[in-house]
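Residue numbers (the numbering used here), protein chains in the order written: chain A, 25 to 399; chain B, 57 to 661.
Everything labelled a hint here was simulated from the structure, so no lab data went into it.
Hints may be right or wrong, so weigh each one.
DEER-style ranges, computed between Cβ atoms [stated by the list, open to error]: (1) A:Ser-94 - B:Glu-534: 37 to 45 Å; (2) B:Gly-453 - A:Val-167: 26 to 34 Å; (3) B:Ser-152 - A:Gln-117: 21 to 29 Å.
From the three backbone atoms N, C-alpha and C, an ideal C-beta is built for every residue, glycine too.
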Amino acid sequence: MLRVIGLKLVRLVPVLFLVSLATFFLVDLIPGDPAANMLGTDATIEDLEAVRKSLGLDKPITDRYVDWLSGALSGDLGLSLRSPNEPVTDLIQRSVGPTLRLSAMALGMSFTIAIFLGVWSAQAAGTRVDRLVSGTMFGFISVPTFLAGLLFIFFFVFRESIPRWLWVIGMGLIVLRLLYLAISRLVEDRAHFSGWFGYAIATLVVAGLMMWVFVQWPDFPRTASHRYDDNWREQIRSLFLPALALALSEIAVFTRLLRADMLSTLQEQFVLSARAKGMPTWRILFRDALRPSSFSLITVAGITLGRLIGGTVIIETIFGLDGLGKLIVGTGVIPKNYTIVQGGVLVLAVGYVMLNAIIDISYQYLDPRIRRGRV
Amino acid sequence: MRSWLFKLLALLMVFGLVAAACGNDDDDGVTTGPDEPAPAEPSDDGDDAPAPADDGDDEPAAEPADDGEEAPADEVMMDGCEATVPGTKVNYAVFSPNANMDPTGSSGALVGGTQIVNVWDVLMAFDPAAGVSNGQAAESLTPNDDFTEWTLKIRSGITYGNGDAFIAQDVVDSMLRFFDSRGDGMNNRAAGSVGLIDFDNTEVPDDSTVIFRLHRGWSTFHTLLGDEPGMIVNPRIIAQLLDEEAANATEETSAARLVRNRMAVTPDLVNAASFGPYEVAEVEPNVRTVLRARDNYWGGPVCIEEIEFTFPGSSVANWEAFQAGDFNAAFLRDPRVFADAREAGAVLSSEDQNIGGLFLFNQGVRGAEVIGKDIRIRRAIHHAINRDIINERAFEGKLKTTNAIAAEGTLLWSPELQECADQAPSYDPDAAAALVEEVKADTGWDGSMLLVHADTDPGPEIAQAVEGMLEAAGFDIEVDLGPVTTVLIPRVIIQADYEMAGWGFNADGATWVASLNDNLLSTSGSNRMAFAHPDMDAALGELYGAANVDDQRAAIAAVQCVWSEQLPAMVYSVTEEGLALAPNIKGVQRAGATIFLFGNAYIEN
Numbered sequence: 025m026l027r028v029i030g031l032k033l034v035r036l037v038p039v040l041f042l043v044s045l046a047t048f049f050l051v052d053l054i055p056g057d058p059a060a061n062m063l064g065t066d067a068t069i070e071d072l073e074a075v076r077k078s079l080g081l082d083k084p085i086t087d088r089y090v091d092w093l094s095g096a097l098s099g100d101l102g103l104s105l106r107s108p109n110e111p112v113t114d115l116i117q118r119s120v121g122p123t124l125r126l127s128a129m130a131l132g133m134s135f136t137i138a139i140f141l142g143v144w145s146a147q148a149a150g151t152r153v154d155r156l157v158s159g160t161m162f163g164f165i166s167v168p169t170f171l172a173g174l175l176f177i178f179f180f181v182f183r184e185s186i187p188r189w190l191w192v193i194g195m196g197l198i199v200l201r202l203l204y205l206a207i208s209r210l211v212e213d214r215a216h217f218s219g220w221f222g223y224a225i226a227t228l229v230v231a232g233l234m235m236w237v238f239v240q241w242p243d244f245p246r247t248a249s250h251r252y253d254d255n256w257r258e259q260i261r262s263l264f265l266p267a268l269a270l271a272l273s274e275i276a277v278f279t280r281l282l283r284a285d286m287l288s289t290l291q292e293q294f295v296l297s298a299r300a301k302g303m304p305t306w307r308i309l310f311r312d313a314l315r316p317s318s319f320s321l322i323t324v325a326g327i328t329l330g331r332l333i334g335g336t337v338i339i340e341t342i343f344g345l346d347g348l349g350k351l352i353v354g355t356g357v358i359p360k361n362y363t364i365v366q367g368g369v370l371v372l373a374v375g376y377v378m379l380n381a382i383i384d385i386s387y388q389y390l391d392p393r394i395r396r397g398r399v
Numbered sequence: 057m058r059s060w061l062f063k064l065l066a067l068l069m070v071f072g073l074v075a076a077a078c079g080n081d082d083d084d085g086v087t088t089g090p091d092e093p094a095p096a097e098p099s100d101d102g103d104d105a106p107a108p109a110d111d112g113d114d115e116p117a118a119e120p121a122d123d124g125e126e127a128p129a130d131e132v133m134m135d136g137c138e139a140t141v142p143g144t145k146v147n148y149a150v151f152s153p154n155a156n157m158d159p160t161g162s163s164g165a166l167v168g169g170t171q172i173v174n175v176w177d178v179l180m181a182f183d184p185a186a187g188v189s190n191g192q193a194a195e196s197l198t199p200n201d202d203f204t205e206w207t208l209k210i211r212s213g214i215t216y217g218n219g220d221a222f223i224a225q226d227v228v229d230s231m232l233r234f235f236d237s238r239g240d241g242m243n244n245r246a247a248g249s250v251g252l253i254d255f256d257n258t259e260v261p262d263d264s265t266v267i268f269r270l271h272r273g274w275s276t277f278h279t280l281l282g283d284e285p286g287m288i289v290n291p292r293i294i295a296q297l298l299d300e301e302a303a304n305a306t307e308e309t310s311a312a313r314l315v316r317n318r319m320a321v322t323p324d325l326v327n328a329a330s331f332g333p334y335e336v337a338e339v340e341p342n343v344r345t346v347l348r349a350r351d352n353y354w355g356g357p358v359c360i361e362e363i364e365f366t367f368p369g370s371s372v373a374n375w376e377a378f379q380a381g382d383f384n385a386a387f388l389r390d391p392r393v394f395a396d397a398r399e400a401g402a403v404l405s406s407e408d409q410n411i412g413g414l415f416l417f418n419q420g421v422r423g424a425e426v427i428g429k430d431i432r433i434r435r436a437i438h439h440a441i442n443r444d445i446i447n448e449r450a451f452e453g454k455l456k457t458t459n460a461i462a463a464e465g466t467l468l469w470s471p472e473l474q475e476c477a478d479q480a481p482s483y484d485p486d487a488a489a490a491l492v493e494e495v496k497a498d499t500g501w502d503g504s505m506l507l508v509h510a511d512t513d514p515g516p517e518i519a520q521a522v523e524g525m526l527e528a529a530g531f532d533i534e535v536d537l538g539p540v541t542t543v544l545i546p547r548v549i550i551q552a553d554y555e556m557a558g559w560g561f562n563a564d565g566a567t568w569v570a571s572l573n574d575n576l577l578s579t580s581g582s583n584r585m586a587f588a589h590p591d592m593d594a595a596l597g598e599l600y601g602a603a604n605v606d607d608q609r610a611a612i613a614a615v616q617c618v619w620s621e622q623l624p625a626m627v628y629s630v631t632e633e634g635l636a637l638a639p640n641i642k643g644v645q646r647a648g649a650t651i652f653l654f655g656n657a658y659i660e661n
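This is chain B alone, in the form it adopts within the complex (with noise of 0.2 Å):
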């Protein structure tokens, strides 16, 4: 009896051991969203060649809308829904969660842009692909012949949701409002270019026109308003808020400041003071955020009731939560990541964002007496990078390497920008061991140098990478790797602490002028390097008059050879950014490289 029972116990252990090998093969592979197949149509990523620019480049990079109409002119839109439909749910993860509504208050692009942009809607919307601006709340925005004065219509018929109308002269206080938070607010970057518009002579002729004019020429001010400062905030409500709180405010925190507060834990106020496709309906800044539908969107029925924000951790938690059905939204940010989602035939709406793995050099910043200075130094290092390893030991293989600030595949990039991004040095260790030496000998240095690097992955790996070919090459190289905000920043910023830093400019179509100026400009408050050439300032001037794409090509071309020949810094990579989408979630529209607009979005069936 006994023999008998084990006999049976361990046939039926192989049998069951033999059922879970076999078992449910559907979940060896990768689903693309909760219940759905993984799609076989193409992506819609960096690897298909730009959409190239019409060939009319002459147009102004602006288009006017297509009229005044209430309905938008999308297509999408039409085979989406007659209204609202319920049940309906976007959960989206997040690269990072919003601190703010505000967007004075909200970092913005990939940190909160998408939750802010759908509930304030915004005036020109970007489209990176094609690198023009399609009216979205404006009607139209034409520049003059210099950019130097842009007229913006803006669409009659919107409200806000208090009932206030929406008028011209709001676009311009919300503008101030943006301005004035420099230094005080989370989105310095926005702001910082909010500065180029001469407001003692922008003018607001009516209800529905503002005539803006600029410090300089700008041909890509319509970006501008495709970015935070276009999300308009109703300025009533604002000022009544700051009425309210200016009894509050003290030396240390402002009456704006307090308002910004206040505005991220209000749902309420956020609705009155917006006119977006969706209002706020929970918020929990860091953390979550909750849209639902608004009943009056000026463009007419939003399909999607509910969108939901969270953020599961990292981008690798975004893909396998996304994988596992939690989210059909998943924002992606890491080359292994989209390698994985291609490989298991995920819907991408992805953009390659220029200069996004990059060494800085410190050249001198607040008159320290730096090695990277000596442009020897900085060809030497050129020398010794290989990126290809860097890509094999903490990428896998799978980072888009370049040596060029617009790669190849992204809409700025051309033949002779390569040319010259190619005079720049290649790597040959001989070359960077010879110039080592003859550096230690004509200065006495003894090889040492500092590299800061931020250790999210894979941040260690590439500080050992290139700490390992540098050394090689005589380099006595010091590495201090820790979070952004706690060493990196410190380490770059605050202290300008640093030899060699890990860094990323993260230029895209909409932000290719203000991101070269911020950090290449002699006179720029946000140049790390300390970084100074005549010939650099002069090619930046050409990129702010770029008339068109060929003309901001050309502008950027000119940049990469004075880059080739001064090296600022070392770019190795573009860093993939962009949304992994269940396959039955149609309309959505990418108004940047990071930020995506729901209101004309649909889930299908």
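Chain A extracted, bound-state conformation (with noise of 0.2 Å):
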């Protein structure tokens, strides 16, 4: 595993290197001055030109770039433009934390239902329940991040009884089929006790928490805020609604992909083996066919989680989160503070290269194939 990663670390040099180049020399090119967004409109053209001199912005743009490679090198990343001036580390290490989390949080979530309706859809495959999964999931594919996050702050900050009561009714109409169906086995044959007495405990169960969610609805925050890192608890239900506005069209691919992979998967004659032996459904579609499903799913959610690191920056500003995506767009971008941009562009890189070596590595464990292949 070591050497997998040891290697895509050595391939990573050249592309970090070109990366970062064309980063500082794009950034050169964007309107504005740093020294500007330190002294704000009380400036004068002198203070201005003295800040421009302190910050090194008077030498020409490859000496600078030099300057900051050769710390880079050395492990500096340099200081930011922005008063007061501290350590670039610093600042992504401060604005990584909640980044990761809100991200984190997004794949879960994305993961979890997308889990659950591509298994569910695949097994379902060209019934109702499958077009009603299908046409959802592309309603939430042509919903924008923000859009999300604005429709969320509006509906489960300051309207939070619909959601609360399309909660009831959704969770409702599931506790029906399974009512439905317990007794429906039961009418049919009361003395296969299996048959009727799953579907009624799981009516029970989903009734129960159908109920216990909405009597403990929270009260969503509009922003979320650092204030809330203390408490985990505190920090779920701040990161909970762009969390959620991140996994929306995420949830659509996976469960999309999912259920494509599934499909195939479910047609293969280990699948059919395993029915003929009467094994369970449930322990068909999660035991047996879920693990050679999920290549695309793993590979995609690899991908999405490097992109969701650096990508959250709409989201992070909705909710007045100083997350990374804020601090390189935010203050690095657009003030024209290059040192962030560089600096955040460089953990990026890394992180992403890091993520796919992980991935590739997974793969392994997921294919018994692979993994003998390689022995």
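Given two chains presented individually in distinct reference frames, assemble the corresponding complex, making use of the accompanying hints.
See below:
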């Protein structure tokens, strides 16, 4: 495993060099002045020139790049050009936590919901349930993340009774469906205890969950600020809406991917064999068919996590969360704070490559053929 | 069985939808804080008539505090608490996060002013409604007849966080540090004003007295001691830090800047060097600040245990988060948001900043040959622009428009001033078109003009409305929209490459003199327009020496008369700024338009 990661990191070096070079010169093309950002509208031109000189902005761009690169090679990503000129590593360290938590939560939500819906949809392929899930997923993909964020703020924060009752209706339909199945099995064959009892228990569990969530419905905050950092429950509460907004389109993508892969897996001989042996459906779906169906899902999930870590700027802005996206774009790109942009891009690139290395490694555990092939 | 089930499902769905539509009507309204109903009490806002100044306006504007007792003479304090109340907290949504707790490293005012004033305290606290300053860490401040000499008496018994006694020499040393930070710190406005102090002749006769001597008479000098320069940083700690950083200083980065940067991220240093009601508990520069009540505050017990300042993202987000109960104090700065807040019955403490909405005209900055030099063009723009149209298109009709530099309802407005304001050209598109044609014919100018404007909401709508009105009068307008720091400042200040720019002087009771002088005085380095007129210089000179509120009104009226005649820029509105507070937070003291002291504040019940 270490060899794989090592090789990935070696390949990363020329990539990082090119990325940093391109980023540096692209950022320089953006209009603006970090000195103006520091001094504001009260500054005189003399003040601005003095600050520009003190920040080294009067040097040629090539000199600045070489200065930055030599620092970066020795582990020093430089100082932010924004007062109070904190080390870039400190700023990244501080802002990467909220973004990682947000991204992980969004990915966790996406996985949980997508696995359930994807498997269900594949199992019930061609039925009304499948069509409903597919239609809903197309709807989710069509909603831009920023719009989802704003809609969630409106409904979950300012009109919380609407989602609360929609939850009851949605879960109520599931409860009724389970109840219908339990009753119909009971009417068909009262003596076959396991036939109706499982549905009866499921009905009670889902009904209980529905009522519990309805009663315990949390007050979602409008903002996901750092002030919730000390308490994990508060963190989950404050990150729920932004994570759900990010998760919406991912749920749709993951569900569609998993459904397609699952459909082909369910046609495999080993699945037919398991069915013939009378294995329970849940076992066939979740223990036998899910693992070989999850390659595409895991590959895309890895790419998604990498994308989320650097690309949550809009959601971070809407919910007032000071994460990595907001740092790179708001504090870095817009005021031409190039040290932050360079440092941020470097961290993202390394993170991205590491994630993909981990995914490559995970294939060995998911598919015994790959594992044995290597051995 | 199946049809029966579908009927049941349909019935349940109908029931659910009806319940959702009817559910919890309370959510449709707006609450002003967590678990609190909207209050019915009247707001303290700019719509109210300003508190009249005392008839005895002959007194100097700076009022001495009652006495030298350690407990402040404030009834609110008596009602507040006997000790810090555990668990009480103010969650404060800021306009913009603070970069640095060091007053010389913070922009101050609405960008960090409240955070720092509650840590450092302030010598004098300005009362915007009355236009006077009251002693805070200072016992009294008394001017001589021509306001060139001010005698400051500081309170006795105040100690810094590190145990050092607060002495008069500290005031001078701390202000000198401000003076030296000009061009290197963040607060150039305040640093520039400190330059009016003649430090060579300023005296410290004893440990409790400073005799300030100024380069010129300045009747509102007391406001400077209520601003960031009046926040005293223990100079002994600064001297020690400067020694430590001397070895790390380079040609580019001074030791003073390194000290500021250390102060920004080291709460212990700030707490040791300050004596305000709160200490810094946690700080993330440009993100959030957490303050905790100081145990041994010189002014008695601090009731509210903690204040956390965070930045939701905008004035709209502040108000939404306040309504949602995330915050129990939120800074607002948008007329549409203020209108919503009033409609919701929120408790507001706000003030109208004069000359908040303004168009600058480039009149030849750095010798540039620009069309704005011709007063006929400035006159034509005044004729072409209808303030009500800007209001309707960009502010939903909720902006407080005005043609005066001191709007009606603000402290320094007077009928005389309004008379002068009304002499400026008013909306008359035909007159505008005629003037544009005349200039084109005389000079060969093709009507082109560059309008630079910030893109912050509703900047694009303002620019679009103005563009339309000016083009209707024969101008050919090119609009450059963008962020303040990447478009407005470079275009206006650095390159002086503009003909007309959206701007704001934001002059309130405390900053009138500095604001007008900075922007209009012919010799000012901050005069963005290259406007120069001897009558204006003379009128601004009178403003420095105006002895009381009546004299200030007369002086401002004189400035307005010159303004209406010379048209250096076009005013279109005031900018309202202030705080929405949960109704159970009491005793918050406004120490300037945008600075709030929480030393005497408490949370009811």
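What hints, given by number in increasing order, does this structure fail?
Violated hints: none; all satisfied.
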